[in-house]
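Add 183 to a position in the sequence shown, counting from 1, and you land on the number used in our numbering.
Worth flagging that the hints you see were computed from the coordinates, not collected in a lab. Treat the hints with care, as some may be off.
Under the rule of at most 25 Å between Cα atoms (straight-line distance), these lysine-lysine pairs were calculated in the DSS-like manner [claimed, not checked]:
id	residue 1	residue 2
1	607	560
2	757	735
3	560	549
4	250	435
5	508	735
6	607	276
7	595	560
8	382	789
9	674	428
10	563	595
11	741	757
12	250	428
13	560	597
14	607	597
15	382	549
16	677	428
17	382	617
18	508	428
19	607	789
20	369	382
21	508	250
22	435	677
23	617	789
Distance ranges between label pairs, derived from CB positions [said to hold, decoys possible]:
id	residue 1	residue 2	range
24	358	674	47 to 57 Å
25	587	766	42 to 52 Å
26	772	518	27 to 37 Å
Model, not experiment: these values are computed from the prediction. All C-beta atoms in this analysis are idealised placements derived from N, C-alpha and C, irrespective of residue type, glycine included.
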Amino acid sequence: MPKNSKVVKRELDDEVIESVKDLLSNEDSSDDAFKKSELMVDDQEEKDVDVEEGSDGEDERPAWNSKLQYILAQVGFSVGLGNVWRFPYLCQKNGGGAYLVPYLILLLIIGIPLFFLELAVGQRIRRGSIGVWNYISPKLGGIGFASCVVCFFVALYYNVIIGWSLFYFSQSFQHPLPWDQCPLVKNASHTIVEPECEKSSATTYYWYREALNISSSLSESGGLNWKMTICLLSAWVMVCLAMIKGIQSSGKIMYFSSLFPYVVLLCFLIRGLLLNGSVDGIRHMFTPKLEIMLEPKVWREAATQVFFALGLGFGGVIAFSSYNKRDNNCHFDAVLVSFINFFTSVLATLVVFAVLGFKANIINEKCVIQNSEKILKLLKIGNLSQDMIPHHINFSSITAEDYNLVYDIIQKVKEEEFDSLGLKSCQIEDELNKAVQGTGLAFIAFTEAMTHFPASPFWSVMFFLMLVNLGLGSMFGTIEGIITPIVDTFKVRKEILTVVCCLVAFFIGLIFVQRSGNYFVTMFDDYSATLPLLIVVILENIAVTRIYGVDKFMEDLKDMLGFSPSQYYYYMWKYVSPLVLLCLLVASVVQMGLSPPGYNAWIEDKATEEFHSYPTWGMIVCISLMLLAILPVPIVFMVRRCNLIDDSSGSLASVSYKRGRIIKEPVNLEGDNTSLIHGKSPSEVPSPNFGKNIYRKQTGSPTLDTAPNGRYGIGYLMADMPDMPESDL
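Please model the entire structure based on the sequences and the hints provided.
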């Protein structure tokens with residue numbers, strides 16, 4: 184080596200040594216300056232900066248004003264219309280009080296663990312469903328898009344139900360209630376009761392004819408129902424105004440929309456317990472039928488109810504938790520919200536069957552009076568002997584017990600001729616065994632019971648206002664499951680996206696306010712969510728436990744929560760929950776295959792429902808709904824697998840600094856990238872740990888203790904920015 188080269192080398196070495204000494208001597212003072220520009224993914228105590236290249240503005244991620252507001256949001260999302268009109272029906276149908284046993288077992292096996300999982304990933308990564316699953320594994324990024332599609336499908340028809348509730352709410356401010364009596368119609372000679380109403384009932388007629396003005400089949404559109412169109416528009420305006428500022432606007436509404444239903448349920452329970460027959464309804468409800476509990480169908484329906492009651496797979500749970508502080512105890516939240524949901528269902532069941540017991544008692548009294556009159560006529564014409572009737576029986580004020588005594592005597596004496604007498608056994612249990620769910624419970628059975636309440640308009644206003652609030656609470660979470668992932672991924676303005684989303688949903692939702700709209704609601708409810716959401720949650724479980732790694736995830740939770748979660752969750756996530764979900768998926772597919780696809784059509788002439796099979800185009804729509812909902816998963820997988828698009832757009836996989844701001848760097852994903860650190864594969868990189876813990880050495884990865892570009896692991900990536908001017912550093 185020439186002499187001058189050695190001199191130059193020595194001088195360079197001296198400069199390097201001096202530079203290192205300067206860095207070491209100024210290390211402490213420079214730490215504070217560095218921490219201000221530290222890479223944070225939405226830490227609550229730091230500012231979240233826009234990841235768009237060249238952006239000078241800082242965009243702070245919204246946060247909940249309080250823990251109570253967040254809990255109310257999660258409760259409002261999970262507690263919905265299904266708690267009021269689905270759970271009581273399943274409880275009655277599947278063994279009464281015995282149904283609570285499989286429900287609680289499945290709540291512990293799949294409900295709480297999977298709810299905890301969604302809360303944890305949302306809080307850890309602080310992104311919506313698209314960003315979360317793209318971060319866990321870009322090849323499974325389609326999970327987030329599938330969740331958004333399902334949320335959109337559900338929002339389309341769920342808001343229609345809110346529109347129905349708004350219509351009934353608006354009609355409740357009159358006495359007597361408009362569905363109290365059958366209307367009268369005039370013909371050429373005299374006034375008669377509306378035949379369709381006379382064949383059914385006043386509340387049934389009002390629901391099908393006055394409210395829906397329903398057509399006789401799915402193929403018979405019948406044009407728009409303008410009353411329901413206005414109600415649907417009102418419902419979407421309410422949702423849009425509440426969601427336009429995200430959680431900053433909807434969070435404040437949660438205090439009312441989440442708490443008001445409990446006030447109404449408690450009022451109804453107290454009022455219901457004071458009514459005749461309410462105790463009979465509650466006793467019937469909770470009388471366990473243990474033999475039914477052993478049937479596989481009961482467990483399948485309990486698992487399905489647990490799954491949908493908590494809103495798993497929709498993305499709303501992840502979206503809400505993404506606005507939390509990273510050290511929030513999401514395990515406590517998962518257990519609390521799950522059991523609040525369960526006890527709300529039990530409370531709603533008490534209310535429903537107290538009121539239905541009262542209704543059954545009224546119907547039973549009418550039955551006793553009508554059949555007692557028949558017995559008197561039979562006695563007069565000599566078909567029955569007076570000797571059959573016990574002497575203490577007084578038909579002018581006969582009780583249900585006395586009537587049943589007379590009925591049993593006549594049945595024994597006139598055994599051969601009994602059927603021709605036309606007498607009915609007026610039993611309250613017979614009425615209570617008529618299982619009613621969904622719109623049939625809310626808009627027919629419950630409304631009929633309320634017509635017999637003193638001050639019935641008041642109770643009707645309270646009931647339908649409660650349904651509106653229950654629906655809105657679930658809608659907020661559903662829309663948040665659409666808005667948050669799209670805003671996080673594509674950086675669009677939340678206000679504009681919310682308005683556009685609500686407008687598009689309203690215009691598509693016009694198919695549900697045709698005269699045949701109720702049949703489309705049934706179609707979407709049966710086919711747009713069940714199977715796609717099961718597949719989504721199974722893939723979520725696989726992504727966390729198999730691809731990201733359940734051991735790594737448990738370490739993340741320990742670091743985030745400050746304590747190690749129970750090993751119970753480890754075994755649930757890794758073994759039990761996936762197995763139960765797969766069994767539920769198979770059972771649902773088998774059930775769907777065995778059940779003929781169709782709907783119950785209202786036949787005006789007969790004033791009754793008849794089962795109709797879907798036409799060919801209807802079957803195509805049903806299949807298309809399921810395929811469209813799950814299609815993003817294979818599409819995104821193939822796009823990532825084949826590297827068909829540049830992954831740098833909107834990716835969270837690789838970031839660096841420039842003047843304390845995060846800037847994006849092109850990323851070439853050759854495999855599933857599960858870390859923000861240098862784009863390494865899951866096996867090479869520990870679980871990411873952002874925020875204040877970024878300075879600590881990551882366990883299990885000694886190579887990341889000192890990064891090639893600095894001691895912080897994720898620092899100023901000098902080697903990747905050769906063209907950066909010195910002034911920018």
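Each hint tested on the structure:
Only pairs whose Cα atoms come within 25 Å are accepted, and residue 607 paired with residue 560 is accepted, the gap being roughly 15 Å. The hinted pair formed by residue 757 and residue 735 meets the criterion: a straight-line CA distance of about 12 Å does not exceed 25 Å. Of the supplied pair hints, the one linking residue 560 and residue 549 holds, its CA atoms being roughly 17 Å apart against a limit of 25 Å. For the given pair, residue 250 sits about 12 Å from residue 435 by alpha-carbon distance, which is consistent with the 25 Å threshold.
Restraint check for residue 508 and residue 735: the C-alpha separation of about 21 Å stays at or below 25 Å, so the hint holds. Note on residue 607 and residue 276: the hinted pairing holds, with a Cα-Cα distance of about 24 Å set against a maximum of 25 Å. For the given pair, residue 595 sits about 19 Å from residue 560 by alpha-carbon distance, which is consistent with the 25 Å threshold. Distance check on the hinted pair: residue 382 and residue 789 sit about 7 Å apart at the alpha-carbon level, within 25 Å; holds.
Distance hint between residue 674 and residue 428 is fulfilled; the C-alpha atoms sit about 15 Å from each other, no more than 25 Å. Of the pairs offered as hints, the one joining residue 563 and residue 595 holds, with about 20 Å between alpha carbons and a cut-off of 25 Å not exceeded. Restraint check for residue 741 and residue 757: the C-alpha separation of about 17 Å stays at or below 25 Å, so the hint holds. Annotation: proposed proximity of residue 250 to residue 428 holds, straight-line Cα distance about 19 Å (limit 25 Å).
A distance of roughly 16 Å separates the Cα atoms of residue 560 and residue 597; the hinted pair therefore holds under the 25 Å criterion. A C-alpha spacing of about 14 Å is found between residue 607 and residue 597, which places the hinted pair at or below 25 Å, so the restraint holds. At most 25 Å may separate the alpha-carbon atoms for a hinted pair to count; residue 382 and residue 549 meet this at roughly 17 Å. The hinted pair formed by residue 677 and residue 428 meets the criterion: a straight-line CA distance of about 7 Å does not exceed 25 Å.
The straight-line distance between the Cα atoms of residue 382 and residue 617 is roughly 18 Å, inside the 25 Å bound, and the hint therefore holds. Between the alpha carbons of residue 508 and residue 428 the distance comes to roughly 20 Å, so the proposed pair stays at or under 25 Å and holds. A threshold of 25 Å between alpha carbons decides the hint, and for residue 607 with residue 789 the separation of about 23 Å falls inside it, so the pair holds. Distance hint between residue 369 and residue 382 is fulfilled; the C-alpha atoms sit about 17 Å from each other, no more than 25 Å.
Distance restraint check for residue 508 and residue 250: the Cα-Cα separation of roughly 10 Å lies within the 25 Å cut-off, and the hinted pair is therefore satisfied. With a CA separation close to 17 Å, the supplied pair residue 435 and residue 677 stays within the 25 Å bound. Using a Cα cut-off of 25 Å, the hinted pair residue 617 and residue 789 holds, with the two alpha carbons roughly 20 Å apart. Remark: the range hint 47 to 57 Å for residue 358 to residue 674 is upheld by a beta-carbon distance near 54 Å.
Evaluation of the 42 to 52 Å hint for residue 587 and residue 766 yields a pass: the beta carbon distance comes to about 45 Å. Between residue 772 and residue 518 the CB atoms are about 31 Å apart, so this pair conforms to the stated range of 27 to 37 Å.
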